[in-house]
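Q: Take a look at the letters that make up each chain.
Number of protein chains: 2
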Amino acid sequence: MPDRDPECVFCGIVAGEIPSTKLYEDEEILAFEDIHPVAPVHLLVIPKRHIPTADDVRDEEGDLLGRMFLTARSLARSAGIVEDGYRIVMNVNRGAGQLVFHIHFHVLGGRPLGKMG
Amino acid sequence: MPDRDPECVFCGIVAGEIPSTKLYEDEEILAFEDIHPVAPVHLLVIPKRHIPTADDVRDEEGDLLGRMFLTARSLARSAGIVEDGYRIVMNVNRGAGQLVFHIHFHVLGGRPLGKMG
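Taken in order, these protein sequences are the chains called A and B. According to numbering that gives the first Met the number 0, the first sequence is numbered sequentially starting from 0. According to numbering that gives the first Met the number 0, the second sequence is numbered sequentially starting from 0.
Because identical chains cannot be distinguished in the list, a pair is counted as satisfied if it fits within a single copy or across any two copies.
Result set (SDA-like, lysine to any residue): computed pairs, CA atoms no more than 20 Å apart in a straight line:
| no. | residue 1 | residue 2 |
| --- | --- | --- |
| 1 | K114 | V40 |
| 2 | K114 | P39 |
| 3 | K114 | R93 |
| 4 | K114 | E32 |
| 5 | K114 | F100 |
| 6 | K114 | V99 |
Since the hints were made in silico from the structure, they are not lab data. Computed from a predicted model, the values in this text were never measured in an experiment.
The whole structure should be built from the sequences, with the hints applied where relevant.
A: Below, the structure is given as structure tokens:
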């Protein structure tokens, strides 16, 4: 089982103790729908391991982040949002809007997207 | 030399034919300052190979995308924007605001960031 923070809501989702609408899962990655969507399509892709922020990603975890990116790309295809456009976002720390301190790629689409920040 | 699109401005930057303020470079990745910054810190991380959109990333290029992510993270540290927060963004196709069709991670920081789209 990956490292877990007992206070972390995303770790709770990984453990199956907090419900989610799962879209993809493998040994290291989980994707599910954001419960507070800001766009018609708003998905989250997370590592199962508890990594608080992008700044905590280890140098040897580039491969994991790459697979999270590929997962985001594939889910955008499945959601039918590629042609009209979508955005992959990772917020780092509170000043950027990070609310859950377990890293996640947001995948936003299904409407024209405004400024990126 | 990586694949190049002769019409692409980022390929021109990679080739050194279009000037840029380079921040990082290795065999496969280049990072430089955005010439139209939307935040006090606005950096771009690109692959040297011409990949038009995230949807064109090959399954075997996850590692490349992961290293691009690690580069973005490291440059955020160098720029001193970690504590106050920063955002990593990739826009995919015009509806999301993609202007240059050669994939790039935006790294935005140096001010509080608003909505992500």
